[in-house]
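Numbering (the working numbering), first residue to last: 120 to 678.
No wet-lab data here; the hints were simulated from the structure.
Treat the hints with care, since some could be wrong.
Claimed, not checked - Restraint-style ranges between C-beta atoms, simulated for each label pair:
id: 1; residue 1: E549; residue 2: G388; range: 20 to 30 Å
id: 2; residue 1: Q476; residue 2: E635; range: 18 to 28 Å
id: 3; residue 1: Y413; residue 2: A477; range: 11 to 21 Å
id: 4; residue 1: E551; residue 2: R668; range: 14 to 24 Å
id: 5; residue 1: S479; residue 2: E443; range: 16 to 26 Å
id: 6; residue 1: A198; residue 2: S541; range: 36 to 46 Å
id: 7; residue 1: P140; residue 2: S541; range: 15 to 25 Å
id: 8; residue 1: E315; residue 2: E426; range: 47 to 57 Å
Said to hold, decoys possible - Below, a list of computed lysine to aspartate or glutamate pairs in the EDC-like style, where the Cα atoms sit at most 20 Å apart:
id: 9; residue 1: K220; residue 2: E489
id: 10; residue 1: K322; residue 2: D408
id: 11; residue 1: K290; residue 2: E489
id: 12; residue 1: K220; residue 2: E457
id: 13; residue 1: K220; residue 2: D175
id: 14; residue 1: K506; residue 2: E676
id: 15; residue 1: K533; residue 2: E620
id: 16; residue 1: K536; residue 2: E489
id: 17; residue 1: K281; residue 2: D298
id: 18; residue 1: K501; residue 2: E457
id: 19; residue 1: K536; residue 2: D431
id: 20; residue 1: K462; residue 2: D490
id: 21; residue 1: K501; residue 2: E443
id: 22; residue 1: K462; residue 2: D475
id: 23; residue 1: K406; residue 2: E514
As the structure is a prediction and not an experimental result, all values here were calculated from the model.
For glycine and all other residues, C-beta sits at the position ideal for the given N, C-alpha and C.
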Amino acid sequence: MALPPDVAGLEGFIYGRLEVPRDRTMGDFAFPAFSLAASLKEKPAEIARKVAAQLDPAQFSAAGPYINAVLSVSEIAAAVLPLIHGQGTAFGNQSVGEGKKIAIDYSSPNIAKPFGVGHLRSTAIGHSLYRIYEKLGYRPIGINHLGDWGTQFGKMIVAYRKWGRDDQLAKEPITYLYDLYVRFHAEEEKDPSLSEDARLWFKKLEDGDPEAVRLWTLFKEYSLTEFQRIYDILGITFDHYTGESFYNDRIEAVMDILRRAGLVTESQGAQVVELEPYGMPACLLKKADGATLYATRELAGIFYRYETFHFDRALYVVGASQQEHFKQVFKVIELLGEPYADKLVHVEFGWIKFKDQAMSTRKGNIIFLEDVIATAEEKAAKIIRDKNPGLPNLEATARMIALGAILFADLGVKKHKDVNFSWEEVLNFEGETGPYLQYTHARLSSLIRRYGRPIAEAVDFGLISSPEEKELLLHLYRFGQTVETAAERYEPNYIAEYLLELAAVFNRFYQRKDAEGKLVKIISDREDETGARMLLVAAVRSVLNEGLRLLGIPAPEEM
RNA sequence: GCCCCCGUAGCUCACCUGGAUAGAGCAUCUGCCUUCUAAGCAGAGGGUAGCAGGUUCGAGUCCUGCCGGGGGUACCA
120 MALPPDVAGL EGFIYGRLEV PRDRTMGDFA FPAFSLAASL KEKPAEIARK VAAQLDPAQF
180 SAAGPYINAV LSVSEIAAAV LPLIHGQGTA FGNQSVGEGK KIAIDYSSPN IAKPFGVGHL
240 RSTAIGHSLY RIYEKLGYRP IGINHLGDWG TQFGKMIVAY RKWGRDDQLA KEPITYLYDL
300 YVRFHAEEEK DPSLSEDARL WFKKLEDGDP EAVRLWTLFK EYSLTEFQRI YDILGITFDH
360 YTGESFYNDR IEAVMDILRR AGLVTESQGA QVVELEPYGM PACLLKKADG ATLYATRELA
420 GIFYRYETFH FDRALYVVGA SQQEHFKQVF KVIELLGEPY ADKLVHVEFG WIKFKDQAMS
480 TRKGNIIFLE DVIATAEEKA AKIIRDKNPG LPNLEATARM IALGAILFAD LGVKKHKDVN
540 FSWEEVLNFE GETGPYLQYT HARLSSLIRR YGRPIAEAVD FGLISSPEEK ELLLHLYRFG
600 QTVETAAERY EPNYIAEYLL ELAAVFNRFY QRKDAEGKLV KIISDREDET GARMLLVAAV
660 RSVLNEGLRL LGIPAPEEM
């Protein structure tokens, strides 16, 4: 590799290769000389030695093949703190997305089924991506693509007509429908004719049969009320609730477009798009009986979204098990030659399992999100009564902590990994958890309350000099980069990891001790020093608060 | 069978897309509250990164094969 000819290029070349040494005593930044070895025909260590010899020894040094640089704490403080103080939670905002729209499909639960912890993953990741992209200047469009159409409603209708009772449905709609659904699958094993009935009833539903539509509407209304309650608890919102049924009257238009493009063929009585040349099974559009399928409605959804929003990108936050489905559907869009074919992204994630098994509504092997929230709330309330008995808003705070714990259980792990749901882990509020971040936020807030004065920007930065403060400042500085990376990779976990580190570094600073082992307090009778530290404290609180907001986790002031 | 994902400490996970001695948390053990919130902090033990090759100055990270787990594979979503 040759060196870039101009100096600006050289800067970029070096800047792009800077690293943060794992062992921080080596320096704050490091340039590994390996990349120059080939073009300069010298050993990396030799290059590092020669380069360092020409630089200010107070700041640069060679260590083996690395050129390490040390920055002055005060200088970093003077650069970073006024910036955060001035921008507040807008720190890290960007304009890369200015004027661009990003459609995000998330949560999308199936109606007539309870909202289980399994549904939380898409909801949490999608909502977080919504806020992350918004921070980068995009205009996000949150879409809840409710699973409110399909053969399963044939099953529900059959089950309800056979065993359902209106009074029971009114009492506890979702649980009741859930029981019926489980019962249907159990009975179906013994009596396969039920499957055929279900298929027929779904076809009737698509053809507008009044009885089928009546029941379906009933199920849907109860479900929406139920889901809305859950979303309110979670603080999750959508811009559009356009479920699969929304596209019913657009299906024929979609079929026309595909037919005109010559993509539709008939195979075993079904209408399909042949995808064999691309190493995929055919994409099924219509069953032999003429009823639509998931993919048909998905295609209609894509057209509609593009026509309505003219998105610059469309994300589908849906589990990895549907990977092939999206590959097929996206391929069909590509074959149509749509210009936005490469703007469609399946943001996939792993299963939430229970006792190493996939949670299945059918088998009744599912944990209700509400039960988890309630249990976590109880535990949080108990801890508060124990540790902070005078706390006002106990209930509200307990709920915040419960949500922090539950949401972080999902967002604290890289999305492609399967998560094994464990009560023990969700109910753990110590260590790398949501409540740990919330606790740190409460602690920071408490300091600011106690300080009781406005935070001043004009401080003596020379008073900020400890290694702990340096770590904090460098980490604060990386926030914007972290948000960017999270967006690029559709991975809120980067922010979660970042915040854990921020909290850990702060807590170390908070509890640091002097040479005699005595606690060095942030608020002391030395006014100038306290003022400088409080500017740092306020900055940490601001970034932590904003980071939690990006994850959709509430940030209590006290707990 | 074919395709995709995963495999790192007893357990749950990181390693910022190839860099220095693989890091955290949980659990276990030891310290630290006359309280700026101990839901915290400091410390100890704990590793053949599934296995075997390959690529190169350098591999947990890239490639190939194998083993183990999960998912998908035409009328479910």
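Hints, one by one, checked against the model:
no.: 1; hint: E549 - G388: 20 to 30 Å; result: violated (59 Å)
no.: 2; hint: Q476 - E635: 18 to 28 Å; result: violated (56 Å)
no.: 3; hint: Y413 - A477: 11 to 21 Å; result: holds (19 Å)
no.: 4; hint: E551 - R668: 14 to 24 Å; result: holds (19 Å)
no.: 5; hint: S479 - E443: 16 to 26 Å; result: holds (19 Å)
no.: 6; hint: A198 - S541: 36 to 46 Å; result: holds (43 Å)
no.: 7; hint: P140 - S541: 15 to 25 Å; result: violated (36 Å)
no.: 8; hint: E315 - E426: 47 to 57 Å; result: violated (38 Å)
no.: 9; hint: K220 - E489; result: violated (33 Å)
no.: 10; hint: K322 - D408; result: holds (8 Å)
no.: 11; hint: K290 - E489; result: holds (17 Å)
no.: 12; hint: K220 - E457; result: holds (17 Å)
no.: 13; hint: K220 - D175; result: violated (48 Å)
no.: 14; hint: K506 - E676; result: holds (15 Å)
no.: 15; hint: K533 - E620; result: holds (16 Å)
no.: 16; hint: K536 - E489; result: violated (24 Å)
no.: 17; hint: K281 - D298; result: holds (13 Å)
no.: 18; hint: K501 - E457; result: violated (56 Å)
no.: 19; hint: K536 - D431; result: violated (28 Å)
no.: 20; hint: K462 - D490; result: violated (38 Å)
no.: 21; hint: K501 - E443; result: violated (46 Å)
no.: 22; hint: K462 - D475; result: violated (35 Å)
no.: 23; hint: K406 - E514; result: violated (51 Å)
Consistency with the previously given hints fails for numbers 1, 2, 7, 8, 9, 13, 16, 18, 19, 20, 21, 22, 23, ordered from lowest to highest.
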